[in-house]
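Novice: Chains as they are written, first to last, in this note's numbering: chain A, 3 to 857; chain B, -3 to 300; chain C, 4 to 190; chain D, 626 to 929.
Treat the hints as calculated values from the structure; they're not laboratory data. Hints are all accurate, no fakes.
Below, in silico cross-link-like pairs of lysine to aspartate or glutamate (DMTMM-like), each with a Cα-Cα straight-line distance of 20 Å or less:
| id | chain 1 | residue 1 | chain 2 | residue 2 |
| --- | --- | --- | --- | --- |
| 1 | A | Lys594 | A | Glu215 |
| 2 | A | Lys18 | A | Glu215 |
| 3 | A | Lys474 | C | Glu134 |
| 4 | A | Lys594 | A | Glu210 |
| 5 | B | Lys287 | D | Asp885 |
| 6 | A | Lys474 | C | Asp126 |
| 7 | C | Lys142 | A | Asp292 |
| 8 | B | Lys287 | D | Asp895 |
| 9 | A | Lys179 | A | Asp90 |
| 10 | B | Lys125 | B | Asp56 |
| 11 | A | Lys18 | D | Glu854 |
| 12 | C | Lys46 | A | Glu452 |
| 13 | A | Lys18 | D | Glu862 |
| 14 | A | Lys403 | A | Glu386 |
| 15 | C | Lys49 | A | Glu448 |
| 16 | C | Lys10 | D | Glu782 |
| 17 | B | Lys234 | B | Glu222 |
| 18 | A | Lys403 | C | Asp115 |
| 19 | C | Lys46 | A | Glu496 |
| 20 | A | Lys179 | A | Glu113 |
| 21 | A | Lys18 | D | Glu834 |
| 22 | C | Lys49 | A | Glu452 |
| 23 | A | Lys403 | C | Glu117 |
| 24 | C | Lys142 | A | Asp335 |
As a plain string of letters, each chain reads:
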Amino acid sequence: MAEAHPVGFQWVVEAKRRGARIVHIDPRFTRTSALAHEFMSVRAGTDIALLGGLINYVLTHERDFRDYVTAYTNAGAILREEFADTEDLDGLFSGFDPDTGSYDVASWAYENVPDVSPAVGKERWVEPTNRGPSVGGRRDDEAATVEQFGSGGATVGGKPKVDPTLQHPRCVYQVLKRHFARYTPAAVAEICGVDIEQFLDVARAITENSGRERTTAWVYSVGWTQHTVGAQNIRSASILQLLLGNIGRPGGGILALRGHASIQGSTDVPTLFNLLPGYLPMPDAHRHPDIDSYVRADEGRIGFWGNIRAYAVSLLKAYWGDHATAANDFRYDHLPRLTGDHGTYQTVRDQLAGRGKGYFLAGENPAVGSANGKLQRLGMANLEWLVVRDMRLIESATFWKDGPEIDTGELDTERIGTEVFFLPAASHAEKDGTFTNTQRLLQWHEKAVEPPEEARSDLWFYYHLGRIIREKLADSTDPRDLPVQELTWSYPTEGPHAEPSAQAVLAEMSGFGPDGPLSGYPQLRADGSTSSGCWIYCGVYADGHNQAANRQPYSEQSWVAPGWAWAWPDNRRILYNRASADPQGRPWSERKRYLWWDEEQRRWAGPDRPDFEAEKPPDFQPEPNATAQDGLAGDEPFIMQADGKGWLFAPAGLLDGPLPTHYEPVESPVPNSLYGQQENPIFRPYQHAGNRYHPIDSDVYPYVFTTYRLTEHHTAGGMSRMLPYLSELQPEFFCEVSPALARERGLRHLGWATIVSARSAIEARVMVTDRIRPLRVRGRVVHQVGLPYHWGTNGLSIGDAANDLLPIALEPNVDIQESKAATCDIRPGRRPRGRALPELVRTYRRRAGIERSDS
Amino acid sequence: MSAEGRPDRTPVTTNDSYYGLPIVKEPAWQQPDVPLYLFLGGVAGVSASMAALARPLGRDALAKLGTVTAATGSVASLGALIHDLGRPARFLYMLRVFKPTSPLSVGSWILAPFSALASMSATSVLTGKFRTVGALAGAVAGILGPAMSTYTAVLLADTATPAWHEAYRELPVVFAGSAMTSAAGVALIALPKRDSAPVSRLAAVGATAELAAAHRLRTRLGIISETYRVGRAGSLLKAVEVLTGAGVALTATGRTSRIARALAGGAYLAAGLCTRFGVYAAGVASTRDPKYVVEPQRERRGRV
Amino acid sequence: MRRWLNKWPLFRQLTGSDRLGLGSAVQSGRSRQMRARTENAEKVAKSICPYCAVGCGQRIFVSNGTITQIEGDSDSPISRGRLCPKGSASKQLVTSPTRERWVRYRRPYATDWEYLPLDTAMDMIADRVIETRERTWQKTDEAGAPVQRTEGIASLGGAALDNEENYLMKKLYTALGAVQIENQARI
Amino acid sequence: MTSTGYSSPQARMGFFTDTSVCIGCKACEVACKEWNAVPAGDGPGTDAAAGMDLLGMSYDNTGGLDANTWRHVAFIEQHVPAAAEPSAPVQAGPATAEDLGMPTVGAPRQGDAQENAGVRWLMSSDVCKHCTHAACLDVCPTGALFRTEFDTVVVQEDICNGCGYCVPACPYGVIGKREGDGRAFKCTLCYDRLGSGLQPACATACPTESIQYGELDELRARAEARRRELHDAGVTEARLYGEDPDDGVGGDGAFFLLLDEPEVYGLPPDPVVTTRDLPAMWRMAALSAAGVVAALVGSLLGRR
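Starting from the given sequences, assemble the full structure and let the hints guide the process.
Specialist: Here it is as structure tokens:
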């Protein structure tokens, strides 16, 4: 956190000053470790084992916050008889279909609650790979269907039968106990390479610091998400925090530290293939032929997702305005349909296959920033046209000229047919707009100056591109062009460059009703009387005022600071904050007072807006057939969930299991200690000759490597490597190795090392440091190599791109790549140049037995 | 440290330095500018005083030579100083203020009038005009002369450079002695035998003082004395001993031989140069290794 | 005369209380008038740091139409006026000469860039989109289900884009039937 | 101290840098450069022009303070004995006072003794000390360096003529001459910002309040309280550096809380302002000058 979010870390320092205990868990000793009370070095990719160990500790010692657990979680819910756990199936859950390499999730549902899991589409590609499901591929139709629950819960058909004593053998609590029983401290030590005593120390620390009087917070970044078990890593933390009563309470939570100014906004208002704004799914060609089928899974269910039709219709009204009417399903048919995975790595596959013709890159540098950079570059070299919008000449704009493949002879500039448009982009200082930060705060930033010369904002680019296309298609009679012609696209423009008004766009996202700007999402209607371009942002323009521009100084308001900017939804700062009070609406303790039921006012009170219906009393009991929010009782804080509960066990929503299970990374130096199942059984392999996976426990690729950031640089470097003041602070790519590994491989401090994987080989200067430590895993020493991934060939501070080493191996729920744990070899000296480089990589593959003889 | 001067592995910091980097900065002056400035100023100062004394004593040749040497030396010294400035055009800013805390300020206030007076005097001597003014100027320059030959020692000593600061008791003696032998050296080269006795005596006194003080530099400054014994400074100061010794010996025989006198004079001048370059080099060496900063200070604090 | 002499620090030194010439006597006129350049800013824009997602407040100072300083906004409850090295380098991010200011165009198979006016580039890009979309249009999938889309055009956006920008992107692409619309958020 | 001639009352302003909360983010370095338009580059490496050398000194690629580096963050990786690792079980409830407990990596297992040790990573942002008795200021011959009304020490770039004297005078090796410019530069404690009632750029940016700006008296009290707090928490190696008005420089205007010996951070253990000995130096110079006079008189008055 100190490393990549230094200013956020001030609050950790502040907490430390006030007596908080800080524990840092990471493969490498970082700036955060330097200030933490305790640093626990773990093997990359073993987080579920560690968190599972903590869960097991809580359950074994009955250190859970029992009143919270029984009231607010699904601990007592009874599961179906046919559910079988990984305990029974050696690492698989019930429902696994070895032929398709996927799960039928029906058996994971609650007993006596209808299973409403979505129907599946048809298969698209099936191709064997050198690793992954032994059955040889699996369908990819469920790609990323899970992400749509980002702001809510997955769909279950209703509230389950509950055993409040938690004794029923099939209740979640008992299942949980059995599932995590084998995550003993000894097992954790063996898998993660941590010390048992230290692990127990941490376990005691977090349990003693949780309960009525205290809360513990977990903070994570892509060290948890960029794994083939990424979603389950977060699930593990959710289970732990729910057991300890640390959700919805001040000082608790699982806090994602996201790495880009508006990466939260980029999922809320998604430029993601599977989502529409506000986590509404993109329609599926087979499951969602019309709007009724589109909303069927959620409409009428309990919780706020039950209003999905209102959110969807309001979006369609925002897109197609008066053309969207009840008679034409609000132009639902204008939406294109999905038939599986259309994610970024699929895009690259299409490009390589010649199916992808045109590509827009807006402030993104996949040539350096995405896994397996070579495939990215080869894909771009196979395009007809490419538009790159950036402030500086990033590698993705110049790959045709000076990319690594030009040197190796794999590409030849004069044979690359890609037409490239490079358009200079405006900076944040040169445009109005909102960023949504990592805590869901929409913060308006004002334009200070006009962008220089031909630099323009992306708002300008897309608005005018749309305007020009609409002009060119104005007279078309092809029905294909109707969605474009009918699109609401009249934004006021201003200034010398006819910049569209960002304020007008924000207002459209917030939404309008018959009486003007809407003040919140509960006002949205399914009858077409309201419009809102992003329902979770509804109210950011309440009263016609840009709430995101609110700037009440923190010193002049409560510590929750609601007068600064605007948080979605409804300016609520802590989600599920109803859980900060007990079922009767009283604070769990004075010390942790946050939200409480004010009997006199007959409403919820506290420094924050309630993430609950403000006037629903704690003792409210819903009518038997009530739906949406009306179906939630006054003591059910998890208002997006169909049962109002926090899920210790996920009866729906995840494709790879209702409970987190330790699987090794796809590339691992060791076999799975806990189960026969080595890796996530349904991880999404990526078949390509340039994307071979390493064998497990390989002598050829014996070391673990992990990628990470340094404080001085930013992501793929486009905003830092080109700046003198930042470049001089970390002027060159380096790898970090322990003295022991340096000795083993003859690496010299500040000398060169070549790091080799089956995808590529890169070179880096060597930093020998005690901050990287060899770990003892399954009785042997495992060395880890640390690789900051900021570098590329352009700019002031240059070096090879660490991401070139990575395989594309995707997490099945959200399609994120496994960047944080893979294997490699490291050897002294610089890498070969020219054709000798791919030859070296091939030699390694041959030695590892993963090179096809014909290639 | 490896051959490239870089640690072989991230050095685990011991208790004595930050990656072996210097603590105080190496003097920012250029060589040969500043050593020359020191040398020339010293020669000029003693020469001016020598001229001022010689004149009433009727040693006209000595007076004339001293006057001209003072003028030439001080102007050249000034030139070297200006050349060394980062912003030579701003030399006059030296006279913006008079700072008793700054030997360079004090020195500038000495050097500027000295070089003007010496030049006036020399002009008068060479042209034969304005004799009274010239004589007066020469007399005042002669009074400033001893200061000219010693302030530069304070200039070096008044720094955090260990080899210089810790030598503040010895350096003025070294510089004064060296200035005397050098000034004498000029006279030995330029003048006939009849003027050689006083300058030989001057050289002998100067040589004795310098060598005695220099010996103290090499032995009495604790660990810092190392910087005067080894490396470039050690060699140069060794050369000083040899050259000065040679000068004394040659002077003794030079009572009859002009060539021997010239060689002696040359040896003295060379010794004078070596002194300034050697002291300068010792200063530089003492900044490069942080131990010369740390160890004496630790001892002072009573730590080991 | 005295006023003239007073310009000479030596005179001030001798006549004032700063006898050693260490303080006020030697202060230059420039130093006496020294003030923060932000004092005369014609505009202070309230902004947000464009690097990570902590969302630190920034104040952007503008004088004569150019940015003279970017520093932390001390009112922000998130950052309390502080910035990390990247945030502190924001001015360089915006103003350094390493920034591209003009359109560049690379023809197919060309070995170097050439210049293209922005309007021309926009028009050409619009044509590429229209033409590619037409050529790669899919009315239905292999099973005959309507899909009304193109897989010929893809997009990958960075996550330093504004919400408003993302919104227009998704809206336009969706209307065009482009579905391979992705973002750093996946990566 | 002597009067610096300011009439209006103004408390002395300074920095307290608490290295125990420094996260080594280098925001101070960048914020300083952005505000003061300090050029990039100028490290001690071989490619000094660009300053783009990987130094291999942990995450420090800056090297040290210089004309182009007015804030420098030091990174020190140290072994700590395994025995010193915190191994006591966690107490129930929060630690009442802060347990700094610099962490160590894991627990001993196998391997050689060195690897059994933990590691601690010290970081510290160094800066000009703005000494009470500032040698740079004392020796500056032009008055380019001056003491401001805030009692800080500032170089006036419109005055500096690049004589370079301040560079070896500084006992901390802070000030440097800028390549290609010729003048000397160092931290001004953002004199211009102070004039407008703002904090210096580095303190403004510092995320963790490791760099604190304020009235020196108040900072000293705060620092002492912090030191005591750390000692109470068992961090007995915490010590203040440069806060003592009786030290060799009369106390620093910018002082530190360190977690190890000063020299580990590249700081001199017991710096003394060189001008403290200046009177003695002048005395020695005067004596030597008198010696020159005596030698001259003796030599010239002698026989023949």
